[in-house]
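Novice: Each chain is listed here by its residues.
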Amino acid sequence: MIWVDTLTQGILLGGLYALFAAGLSLVFGIMRLVNLAHGDFIVMAAYLILLLVTLLGLSPFLAAAIAAPLMYGVGWGLQKHLLNRTLGNDILPPLLVTFGLSIALQNALLEAFSADSQRLPTGAISTASIDMGGLTLGVLPLLTFGSAVAVIVGLNQLFYRTELGRAFRATSDDATTASLMGIRPSNIFAKATAIAMLVVTLAALYLGMRSNFDPSIGPARLIYAFQAVIIGGLGSLWGTLVGGIIIGLAQTVGAAINPEWQILAGHVAFLIVLMLRPRGLFPRAVD
Amino acid sequence: MHTHTPSTPYFVTTQTRASQITMMLAVALIAVLIILPFFAGRVLIQDMFFILTMLVLAQFWNLLAGYGGMVSIGQQAFVGMGAYAMFGGVILAGIDPIPAILLGGLASLIVAVPTAFFAFRLQGPYFAIGTWVIAEVMRLVMAQVKALGGGTGTSLPRSATREMWATEWIAELFDVRNSAARDILTYWLALALAVATIIAIYALLRSKPGLALSAVRDNPEAAKSVGVDAGRMKWFVFLTSAFGTGLAGALIYVQKARISPDAAFSVTDWTAYVLFIVIIGGIGTIEGPIIGVIIFFLLQSLLADYGSWYLFTLGIIGIVVMLFAPRGLWGLITEKTGIQLFPIRRRLSGGPLDTSKY
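Chains A and B, in that order, are what the protein sequence lines are.
For the first sequence, the numbering used here gives the first residue as 7, with consecutive numbering after it.
For the second sequence, the numbering used here gives the first residue as 136, with consecutive numbering after it.
Extracted from the complex, chain A is given alone in its bound form (with noise of 0.2 angstroms):
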């Protein structure tokens, strides 16, 4: 009964690497960019949240859903002001950028709140449990794990039954050709990296109130998002929660056998599949 409760918790926690993972996938699924700050953003978002709930003494929720705007905003701007001017052949430019942003973002962050730990009040909600059949699961990790099925639905949805979507998925296959359509690429980019961003609040959001966090713990958020992406196959929503799930499992495994194998059989299960399956679970993208 043990281990059936120690993998129900691995799931679970899967959920939350594939909201760390959403945002990666969908950035990179349209402008094959890879942004090296994605986990410095997460962490960013998380403090952005912690900041209004002290200020205002709102709930996190409702922080988050007054953050989400700002960081859609941020998204944005970075994407039309910096990033889109790296795009090219050449992936030194987008690489470096973007690791100087995570190196810059992280510091700044630790200027800003000092590197203790932090972590969102949640109330009641962070002890309170169901009871499934001498199962009994927190009622924050199931929140998670629904929060991320519902991210991948809805970027499934509006990739292919609305007209961003289409131009997206347009704009994905040929950006020239997409722009002859009257498609402006840059402000596609600039909209995807946005909505990246949204997912990445909402990631925040479940990682203040899970744990704790402090500035330096972005790099390794970026890794989880990473394995996930490579695990489920480029360009595969789906097949990015099931690499969250994988990588779950894996160190809620690791740790019920030695807590200091955590992390490290995470990143032995990520090996693994990508000697067995060098191109992911359920790859679509051709690179």
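Treat the hints loosely; a few may be bogus.
Unchecked claim - Sample of chain A residues with no beta-carbon within 12 angstroms of chain B, all distances over it, derived:
id : residue
1  : I17
2  : R91
3  : P99
4  : S108
5  : I136
6  : G140
7  : S153
8  : G160
9  : N162
10 : R190
11 : A196
12 : L204
13 : Q268
14 : I269
Claimed, not checked - Simulated restraints, written as ranges between beta carbons of each label pair:
id : chain 1 : residue 1 : chain 2 : residue 2 : range
15 : A       : G171      : B       : T403      : 35 to 41 angstroms
16 : A       : D122      : B       : L164      : 54 to 60 angstroms
17 : B       : S314      : A       : P75       : 30 to 36 angstroms
18 : B       : L346      : A       : L282      : 33 to 39 angstroms
19 : B       : Y441      : A       : H87       : 25 to 31 angstroms
Claimed, not checked - A few chain B residues facing chain A, derived, Cβ under 10 angstroms:
id : residue
20 : G204
21 : V272
22 : A282
23 : L283
24 : G284
25 : G286
26 : F371
27 : F411
28 : I418
29 : V455
30 : V456
31 : L458
None of these hints come from the bench; they were simulated from the model.
Small disclaimer: the values here were computed from a predicted structure and weren't measured.
Using N, Cα and C, we set each Cβ at its ideal position, and we do this for glycine too.
Given the coordinates of chain A, work out where chain B should sit on it, guided by the hints.
Specialist: For chain B alone, kept in the frame of chain A given last:
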């Protein structure tokens, strides 16, 4: 109309007058650096050790990313493995720290083989993060090795550092304490490693495989079509870079004499700094890292008291340089003056139309 004797032969050259002057100045500079410990204080020697070892790391990252087109964020894997292998040799096998440095290079070379096996399955940005993950795996694994201090780390035994090769001789020669003699010894080794690295990379780039390397970087498909084995070149560059980085890592930790997984596998110390050195100086040139490391050192001396603002500034400078001067400071200088201190471009001279005369 020109009349030339048909006997004037064509020849291919990479030398320029600037490069000949550079060579002479370089020899003089190296001579000065060798005798530096005779008139420099201990602080300067330690600073020079830092500059030279960072230069070696920067040259190898530049070889990997600037010439090989493989942007890695996982070079700390090889610094850490080199350092830990050196510690292992000293603590577990009782080898002297100096020969154990070679063990460090060898260990990095060996772990680079499975690393490449995994990382080469990933392209572009994913290669970058993939190398980072592998470095993290090594950090977590080394933290489990209790014989080398586990997660908290360990120090070189006093007996090993006191009796290190040649330190007694240096201590007598300079009439200094054992610890200062150790600094001088590691400084000389760093100087030798830096000079050897630059000579080796320059020789590689001027050779036929070096030409193949540039071809693969600029256009892999075209390079393949003229018979260049791109895959083999990638392996060669990755392993060479790992070996050199491992040597540098082991040497750095002989001087530090204390190791921990977090420090030895630090992405900031061994990859972020190195990246900024190469970017600011000029990627894809030998001159770039040399200029970059000097600027990096000056910035650090100036801003080190400001803690996190220093790293923040470094990140912003990196972004600005990448956006507005992607070839770095050296790129700006060559654009303006056309000077190349380490030219690798092959030019045709001699024959009926001797371009070198115009």
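Novice: Against each hint, give a clear statement of whether it holds in the structure.
Specialist: Hints, verified against the model:
Listed as a non-interface residue, I17(A) keeps its Cβ farther than 12 angstroms from every Cβ of chain B; the least gap is roughly 22 angstroms. Separation of R91(A) from chain B is inadequate, the least Cβ-Cβ distance of about 6 angstroms not exceeding the 12 angstroms criterion. Residue-level check failed: P99(A) sits 5 angstroms from the nearest beta carbon of chain B, not beyond 12 angstroms. The claim that S108(A) is not at the interface with chain B is violated, since a C-beta of that chain comes within 12 angstroms of its own (minimum 7 angstroms).
No beta-carbon of chain B comes within 12 angstroms of the beta-carbon of I136(A); the shortest separation is about 34 angstroms. G140(A), annotated as away from the interface, keeps every beta carbon of chain B farther than 12 angstroms; the closest lies near 34 angstroms. No beta-carbon of chain B is positioned within 12 angstroms of the beta-carbon of S153(A); the least distance is around 25 angstroms. Distance check on G160(A): its Cβ is at least 25 angstroms (rounded) from any Cβ of chain B, clearing the 12 angstroms threshold; non-interface status holds.
Distance to chain B confirms N162(A) as a non-interface residue, since its nearest Cβ pair spans about 23 angstroms, more than 12 angstroms. With a minimum CB-CB distance of about 21 angstroms to chain B, R190(A) clears the 12 angstroms threshold, and the non-interface call stands. Every C-beta of chain B lies more than 12 angstroms from that of A196(A), the closest at about 17 angstroms, which supports listing it as non-interface. At the 12 angstroms boundary, the C-beta of L204(A) stays outside the reach of chain B, the nearest C-beta of that chain being 22 angstroms off.
The beta carbon of Q268(A) is not kept farther than 12 angstroms from every beta carbon of chain B, the shortest such distance being approximately 10 angstroms. I269(A), annotated as away from the interface, has a beta carbon of chain B within 12 angstroms; the closest lies near 6 angstroms. At roughly 39 angstroms, the beta carbons of G171(A) and T403(B) sit within the given window of 35 to 41 angstroms. For the pair D122(A) and L164(B), the beta carbons lie near 48 angstroms from each other, so the given range of 54 to 60 angstroms is not met.
Roughly 59 angstroms separates the CB atoms of S314(B) and P75(A), a value that falls outside the hinted 30 to 36 angstroms. Distance hint check: the CB atoms of L346(B) and L282(A) are about 37 angstroms apart, consistent with the given range 33 to 39 angstroms. Checked against the given bound of 25 to 31 angstroms, the beta carbons of Y441(B) and H87(A), roughly 27 angstroms apart, stay inside it. The beta carbon of G204(B) comes within 8 angstroms of a beta carbon in chain A, closer than 10 angstroms, and the hint placing it at the interface holds.
Hint on V272(B) holds. Least Cβ distance to chain A is approximately 5 angstroms, under the 10 angstroms limit. Interface hint at A282(B): violated, since its Cβ lies 16 angstroms from the closest Cβ of chain A, which is beyond the 10 angstroms cut-off. Here the hint on L283(B) is broken, as its CB sits about 15 angstroms from the closest CB of chain A, past 10 angstroms. For G284(B), the shortest C-beta to C-beta distance to chain A is roughly 14 angstroms, which exceeds 10 angstroms, and the interface hint is violated.
With 10 angstroms as the threshold, the beta carbon of G286(B) comes within range of chain A, its nearest partner Cβ sitting at about 8 angstroms, so the hint holds. At a threshold of 10 angstroms, the smallest CB-CB gap from F371(B) to chain A is about 21 angstroms, leaving the interface hint violated. Interface restraint check: F411(B) against chain A, minimum CB-CB distance 8 angstroms, threshold 10 angstroms, status holds. Hint on I418(B) holds. Least Cβ distance to chain A is approximately 7 angstroms, under the 10 angstroms limit.
Satisfaction of the interface hint for V455(B) is found here, the shortest Cβ-Cβ separation to chain A being roughly 9 angstroms, below the 10 angstroms cut-off. The interface hint given for V456(B) holds, since its Cβ lies 9 angstroms from the closest Cβ of chain A, which is under the 10 angstroms cut-off. With a least beta-carbon distance of about 6 angstroms to chain A, the hint placing L458(B) at the interface is held under the 10 angstroms criterion.
Consistency note: the structure conflicts with the earlier hints numbered 2, 3, 4, 13, 14, 16, 17, 22, 23, 24, 26.
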